[in-house]
Amino acid sequence: MGRLVQLEVHNFKSYKGHQIIGPFDNFTSVIGPNGAGKSNLMDAISFVLGVQSAQLRSSKLKDLIYANERDVGSQDDEDNDNDGGKPTTASVTAVYEKTEGAVLRFSRIITAAGTSEYRINNKVVTLNKYSSTLEGENILIKAKNFLVFQGDVEAVAAQSPKDLTRMIEQISGSLELKPEYERLKALLEKATETSTVNFNKKRGINAEMKQVKEQKEEAERFQRLLNQRTKEVICHLVWRLYHLDGAVKTIQSMIQKDKEAGSDMEKQLEDAESVLKEAKKVMAVATKENLKGEKKIKEVTEDIAEKKPEQLKLDEKVKHGAKKIAQAKDNLSKAQKDLEKQQSSIAELEKELSNVTKAAEKFEATAQKSAAKSVKRAFDAAARAEYNKIRENVTARTLTDRQLLTAMQRQLKTDSEDIKRKEETLEQAKGKESRLVEEEAALAERKVVVGDNVAQIKADLAKLKKDLESMEADRRRLRQQETEKNEKLAEVQEKLLQARADRSESERDAKNRENLEALKRIFPGVHGRLIDLCKPTQRRYDIAVATILGRNIDAIVVDTERTGVDCIQYMRDQRAGTATFLPLDTLSVKPINEKYRNFAKGARLAVDVIQVEAMYERAVQFACSDSLVCETMEIAKEVCWSRGQEVKAVTLDGTVLHKTGLMTGGQTNNSSRDSRRWEEKEIEAFRKARDVLVNDIQEIGKARRKIANDEVLRSEIASAESRLNVALDNLNTTKRKHASVQKELENARADIASIEPTLGKLSQDLNRKTREVGALEVKVFKIEDELFASFCGDFGVKNIREFDEGQGTLDRELNERRLEFETNKAQFMNQITFEKNQAKEIETRIEKLEATIATQSKEYEENVVASQEHRQEIDRLNKKLETLRATLEGTNARFEEKRKEVDNAKKAVAALQKSMEDYLKKINTKQSQVERMNAERIAIFRRSKLEEIDLPLLRGSLNDVSLEEMDQIPDADSMDVDEGSQQSSQAKSVALLNSLAIDFSILKDKQKKNGSDEAEIEFQESIKALTVEIEKMAPNMRASEKFDDVEAKLRMTAEEFENARKDAKLAKDAFTAIKHERYQKFHGAYLHISGKIDQIYKELTKSKTFPLGGTAYLSLEDSDEPYLDGVKFHAMPPMKRFRDMEQLSGGEKTVAALALLFAVHSYRPAPFFVLDEVDAALDNANVAKVANYIKSRASDEFQFIVISLKSTFYERAQALVGIYKDQDENTSRLLTLRLEGLDE
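When we follow full-length UniProt numbering, the leftmost residue of the sequence shown carries the number 1, and every step to the right adds one.
Keep in mind that a hint or two might mislead.
[What the hints assert, rightly or not] Calculated cross-link-like contacts (lysine-lysine; reagent style DSS-like; alpha-carbon spacing at most 30 Å):
{"hint": "1", "residue 1": "LYS1098", "residue 2": "LYS319"}
{"hint": "2", "residue 1": "LYS914", "residue 2": "LYS900"}
{"hint": "3", "residue 1": "LYS334", "residue 2": "LYS848"}
{"hint": "4", "residue 1": "LYS447", "residue 2": "LYS313"}
{"hint": "5", "residue 1": "LYS308", "residue 2": "LYS465"}
{"hint": "6", "residue 1": "LYS906", "residue 2": "LYS281"}
{"hint": "7", "residue 1": "LYS825", "residue 2": "LYS351"}
{"hint": "8", "residue 1": "LYS1221", "residue 2": "LYS86"}
{"hint": "9", "residue 1": "LYS535", "residue 2": "LYS1024"}
{"hint": "10", "residue 1": "LYS190", "residue 2": "LYS1065"}
{"hint": "11", "residue 1": "LYS926", "residue 2": "LYS280"}
{"hint": "12", "residue 1": "LYS485", "residue 2": "LYS520"}
{"hint": "13", "residue 1": "LYS945", "residue 2": "LYS702"}
{"hint": "14", "residue 1": "LYS288", "residue 2": "LYS1098"}
{"hint": "15", "residue 1": "LYS432", "residue 2": "LYS413"}
{"hint": "16", "residue 1": "LYS769", "residue 2": "LYS420"}
{"hint": "17", "residue 1": "LYS358", "residue 2": "LYS341"}
{"hint": "18", "residue 1": "LYS1149", "residue 2": "LYS1098"}
{"hint": "19", "residue 1": "LYS737", "residue 2": "LYS858"}
{"hint": "20", "residue 1": "LYS601", "residue 2": "LYS535"}
{"hint": "21", "residue 1": "LYS1004", "residue 2": "LYS249"}
{"hint": "22", "residue 1": "LYS458", "residue 2": "LYS430"}
{"hint": "23", "residue 1": "LYS458", "residue 2": "LYS447"}
{"hint": "24", "residue 1": "LYS743", "residue 2": "LYS341"}
{"hint": "25", "residue 1": "LYS907", "residue 2": "LYS257"}
[Said to hold, decoys possible] What follows is a set of in silico ranges between Cβ atoms, one per label pair, in the way DEER data are often shown:
{"hint": "26", "residue 1": "THR133", "residue 2": "ASN1226", "range": "30 to 38 Å"}
{"hint": "27", "residue 1": "MET663", "residue 2": "LYS1006", "range": "46 to 54 Å"}
{"hint": "28", "residue 1": "LYS1009", "residue 2": "LYS914", "range": "38 to 46 Å"}
{"hint": "29", "residue 1": "SER995", "residue 2": "LEU713", "range": "35 to 43 Å"}
{"hint": "30", "residue 1": "VAL448", "residue 2": "LEU412", "range": "51 to 59 Å"}
{"hint": "31", "residue 1": "LYS413", "residue 2": "GLU445", "range": "48 to 56 Å"}
{"hint": "32", "residue 1": "LYS1006", "residue 2": "MET1052", "range": "26 to 34 Å"}
{"hint": "33", "residue 1": "ALA739", "residue 2": "LYS413", "range": "20 to 28 Å"}
{"hint": "34", "residue 1": "LYS914", "residue 2": "MET663", "range": "19 to 27 Å"}
{"hint": "35", "residue 1": "SER253", "residue 2": "LYS1009", "range": "14 to 22 Å"}
{"hint": "36", "residue 1": "THR758", "residue 2": "VAL448", "range": "33 to 41 Å"}
No lab work stands behind these hints: they were computed from the structure.
Note that CB positions come from ideal geometry on N, CA and C, so glycine has one too.
Build out the structure end to end from the sequences listed, making use of the hints.
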């Protein structure tokens, strides 16, 4: 290791100017009085080794600069060379000698700006470079392993286990890993949490999947039960059909035997029937012809109805085509008139152009003659020479002005011509604008008219379509209602059959029911019969309740006594019999004796076994009073006889024990009939429901027939759509024309808007140029007058221009006239060109209109031909229809003749049949049995079709038979008076049954042999058991779909969990690595310090009296991660028992703290160790021990610098550095003395 040679301070704290402290020996003691600057030396060492200013008893760096409080004023001497100036910078330099002899100068400078500057060997370096160089010499700035400040020993003695842990972390370097450790730990916790969340999510989805799987299995089991029940139902129906088929065959064989026995009687009947049959055949032929005629008439009528909409379309096309052609011709006529008008205008312009041309030619001839006559004399040579000389002089003097004048006059002429052309163009544009405005207004008006027409047609079409949709919706609704009503009717009929609804009500019951209905209609206060308003809670109470109600069972309940009186009067007037009335407002009802509610087990109050609405309870209480219903005779006897209660007790079989003790025994016909009346109420409700349904079905049929024909509406829609297409075409054409005209109008107005400002600007420029030309002419004329003055005087003219005018007047006039003629000709030619272009546009429009007319005329002719052909076809069909109707009248007459013959034959057959009535009654009875069985078979087929039961068929299919066909076959109990219709129904029934052949192979032999009622009950119980089990279940039929979704979710969650687990593993590995590194550093330091502490403490505490010294050791509160918890320091002075640090004396604490500091310093020892008054709390004996320890450890490899005030300490040093205060200079001064070699 190296060593600290000396310090060089410059204006640092109490050290003024440049001072050298040192050289330092292996064991150097710094001494001096208090306030001399010893601790400032400690600060200087700390400062130069990189310790922050906050730990150097100052708030900022500038506080470390020397400040002489005696100095007044300041100088701006940044180099601090003047003693009287106030320093602004300071520095400390540590001269350090390495082991190999190299010298490093570590300097830290406080600049004038108040910042630190670091230098190594006078070269500026960064703080990081500075710190790394120090760390290379094992001088740790953060751990401060090279110094102990004043008071640190007491702080170490009083520090907590956590503080000791932090000290070991600093010296071991594990503290530098703390941020990364905490970051990775947080990352691990987060990754672990994410992994846990995903695991819980996965577990939840697993549970959900298990639940969904159970639901799926339940749904599959539910489907299996449904299939099993369906199979059982099919087996039951096939079993029933099998035995019905066998019974039918057996009865039919018996009927055949009976027919064979009566063959003689049947032969006579056959002969009569053969006659009837022949008559019927003839009538059938007539009927067939009649039907054929009606069929043909219907076909022709349908053809006519189908062709009428097409005829309407063709008529509409013809009508619209005529309108379009008329409109096109009208437009063509207007265009031709415009063309004629345009051509007339062109002819007039050409005529005027011709007149102008002739006038110009005439003018030229006259001018030539006038020019020949005007030549009187010529200039002589002298005059001409003088004139030319002066003219040359004038030309020379006015050359520039004349050239400018000529150019300006030329430009003026050009601008005048431009203005004229612009004015002509503007006039043409305004004319075009006027024409286009009129055309645009006409098209706008037409567009509105056509648009209104389109809107009206659309409204009509929408209304027609709405009517058609309404009609179709009504048809669908009626069809659905009819289906629903038929299904309900079938259910009601089945319930009537089950309830034995074939029992007919008596005449008296029917009359009473009619009377009650009449009373309800007339008097609103009539509620109904008591039997209709109440009902036993259980069927077993029917006889008992009927017996208790007695004669009041048919009593009519009314709201008031007045209503009852009116009803009695009405029945008396109508001779409608008698009735009992119970007015709710005047009934005298005794309160119920509550003791009878639980008086005896098996005995209940009659009012408690009757179900009734609250408003009718008074009537029931009046009829029942305190009567009891007893389940057995023994209970009734116990109540009335044994307990002596005076109540009316009725048993379940109708036996009555009266209050007087009289007993009316057994069930009578009346009581049995009354008890069945509640069942009859249900039957009556079913009958009413059946009648209502039948009536509703009939009304639906009528409504369907009313809306059956929608052909007229469809034809009207087709016609409206055709008219709409035509109107839309017309509207689009008008819109295109209107848009084109508007665009032309916008262009014309844009041209006018662009021409008018330009024309004004040109006029202003022309006026300005005219003024400029006039001014320039005056200038030129002035020069001419000046030079030609004598010449003009000789010729007696006012000026030379007057002289020249005599010679050039004719030329100017000729030129002006010529220019006028040329201008007029140009105007007329431009106008003619414009008009011709307009004419060409009109001709193009005429050509398009003519082409349109030709095309539309062709389409019109085609539509007319098609319409005529179509109308001829309709006329032909109408004639054919009339012919067919005439033929049908003749066929009907023949049919009537044959029908009479058939009637006569029928009478003959009826006479023969009368004699066979007894014989046939027997056969009819058996046939009725067959018919009932066939009806039951058809009912089974109908049920199979309604419930979609797939019966096994060898022949035929239920899909080929409609429910309507099945419904048209009456059941065996229906009464058909017409024999023909009955035979027809039977034939339909037989035909239907013969068309279907059941596959009975699914039945077992046992089932085929056993057709008893027990087998029927077994089937029903099996189906019922399956149904009960199915109804108990509430499966989720979408469980299969949900199972797939949950399975996909599980896969995704498992993937997320696997990713989270991998992330957690990576985080754990990274954290384990940093944890291991931090643990190794901390634990290595701890083991070293723990191993040294006892040895050092023994050396500091041993003496002659106690040669072994004391004991000290360290213990970890957390052995796994010791840096997270405290490290306890235990010290036991010699001959003392173990005590905590808080219980030691001040000197004992100091010795223990020094032992700890020396042990900590020994782990990563700095080359020098600076101690500031660490012996303050020690007595002389302990000071001597510490000094001896330091002296024994001081060497060339380990240097001690100790600040001490005790002679026992510093007299053992190798060298002394004395510090004192120079009061004159107000600064700390130094003295150095080596003690080695001096006598003690």
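Going through the hints against the structure:
1. Note on LYS1098 and LYS319: the hinted pairing is violated, with a Cα-Cα distance of about 135 Å set against a maximum of 30 Å.
2. A distance of roughly 21 Å separates the Cα atoms of LYS914 and LYS900; the hinted pair therefore holds under the 30 Å criterion.
3. Only pairs whose Cα atoms come within 30 Å are accepted, and LYS334 paired with LYS848 is accepted, the gap being roughly 14 Å.
4. Taking the CA atoms of LYS447 and LYS313, the gap is near 25 Å; set against the 30 Å cutoff, the hint holds.
5. Taken as a hint, the LYS308 and LYS465 pair is honoured in the structure, with Cα atoms around 19 Å apart against an allowance of 30 Å.
6. Under the criterion of a C-alpha separation no larger than 30 Å, the hint pairing LYS906 with LYS281 is consistent with the structure, at around 13 Å.
7. Pair hint LYS825 plus LYS351 holds up; C-alpha atoms about 11 Å apart against a cutoff of 30 Å.
8. For the proposed pair LYS1221 and LYS86, the alpha carbon gap of about 19 Å is at most 30 Å, so the pair holds.
9. For the hint pairing LYS535 with LYS1024, the CA-to-CA distance comes to about 28 Å; that is within 30 Å, so the pair holds.
10. Simply put, LYS190 and LYS1065 have alpha-carbon atoms about 12 Å apart, close enough for the 30 Å limit, and the pair holds.
11. A distance of roughly 28 Å separates the Cα atoms of LYS926 and LYS280; the hinted pair therefore holds under the 30 Å criterion.
12. Of the pairs offered as hints, the one joining LYS485 and LYS520 holds, with about 28 Å between alpha carbons and a cut-off of 30 Å not exceeded.
13. Straight-line distance between C-alpha atoms of LYS945 and LYS702 comes to about 27 Å, which keeps the hinted pair within the 30 Å bound.
14. With a C-alpha separation of about 143 Å, the suggested pair LYS288 and LYS1098 falls outside the 30 Å cut-off, and the hint is violated.
15. Proposed proximity of LYS432 and LYS413 is supported: the alpha carbons are some 29 Å apart, at most 30 Å.
16. As the CA atoms of LYS769 and LYS420 are separated by approximately 16 Å, the hinted pair is consistent with the 30 Å bound.
17. Note on LYS358 and LYS341: the hinted pairing holds, with a Cα-Cα distance of about 26 Å set against a maximum of 30 Å.
18. In summary, the hint linking LYS1149 to LYS1098 is supported, as the alpha carbons are separated by about 14 Å, within the 30 Å threshold.
19. For the hint pairing LYS737 with LYS858, the CA-to-CA distance comes to about 24 Å; that is within 30 Å, so the pair holds.
20. Taken as a hint, the LYS601 and LYS535 pair is honoured in the structure, with Cα atoms around 23 Å apart against an allowance of 30 Å.
21. Between the alpha carbons of LYS1004 and LYS249 the distance comes to roughly 20 Å, so the proposed pair stays at or under 30 Å and holds.
22. Proximity of LYS458 to LYS430 is assessed by CA-CA distance (about 41 Å); at most 30 Å being required, the pair is judged violated.
23. For the proposed pair LYS458 and LYS447, the alpha carbon gap of about 16 Å is at most 30 Å, so the pair holds.
24. At roughly 24 Å between alpha-carbon atoms, LYS743 and LYS341 fall within 30 Å of each other, so this suggested pair holds.
25. This hinted pair checks out: LYS907 and LYS257 have alpha carbons roughly 28 Å apart, not beyond 30 Å.
26. The hinted range of 30 to 38 Å is satisfied by THR133 and ASN1226, whose Cβ atoms lie roughly 36 Å apart.
27. About 53 Å separates the C-beta atoms of MET663 and LYS1006, a value consistent with the hinted range of 46 to 54 Å.
28. Under the hint 38 to 46 Å, the C-beta atoms of LYS1009 and LYS914, about 44 Å apart, fit the expected range.
29. A hinted range of 35 to 43 Å holds for the C-beta pair SER995 and LEU713, which are about 40 Å apart.
30. A hinted range of 51 to 59 Å holds for the C-beta pair VAL448 and LEU412, which are about 53 Å apart.
31. In this structure the hint that LYS413 and GLU445 lie 48 to 56 Å apart at CB holds, the actual value being about 49 Å.
32. In this structure the supplied range 26 to 34 Å is violated for LYS1006 paired with MET1052, their Cβ-Cβ distance being about 56 Å.
33. At about 44 Å, the CB distance of ALA739 to LYS413 disagrees with the hint of 20 to 28 Å.
34. For the pair LYS914 and MET663, the supplied restraint of 19 to 27 Å is violated, since their beta-carbon distance comes to about 58 Å.
35. Checked against the hint of 14 to 22 Å, the pair SER253 and LYS1009 passes, with Cβ atoms roughly 19 Å apart.
36. Taken as a hint, the range 33 to 41 Å holds for the pair THR758 and VAL448, whose Cβ atoms sit roughly 38 Å apart.
Checked against the numbered hints listed earlier, the structure breaks hints 1, 14, 22, 32, 33 and 34; every other hint is satisfied.
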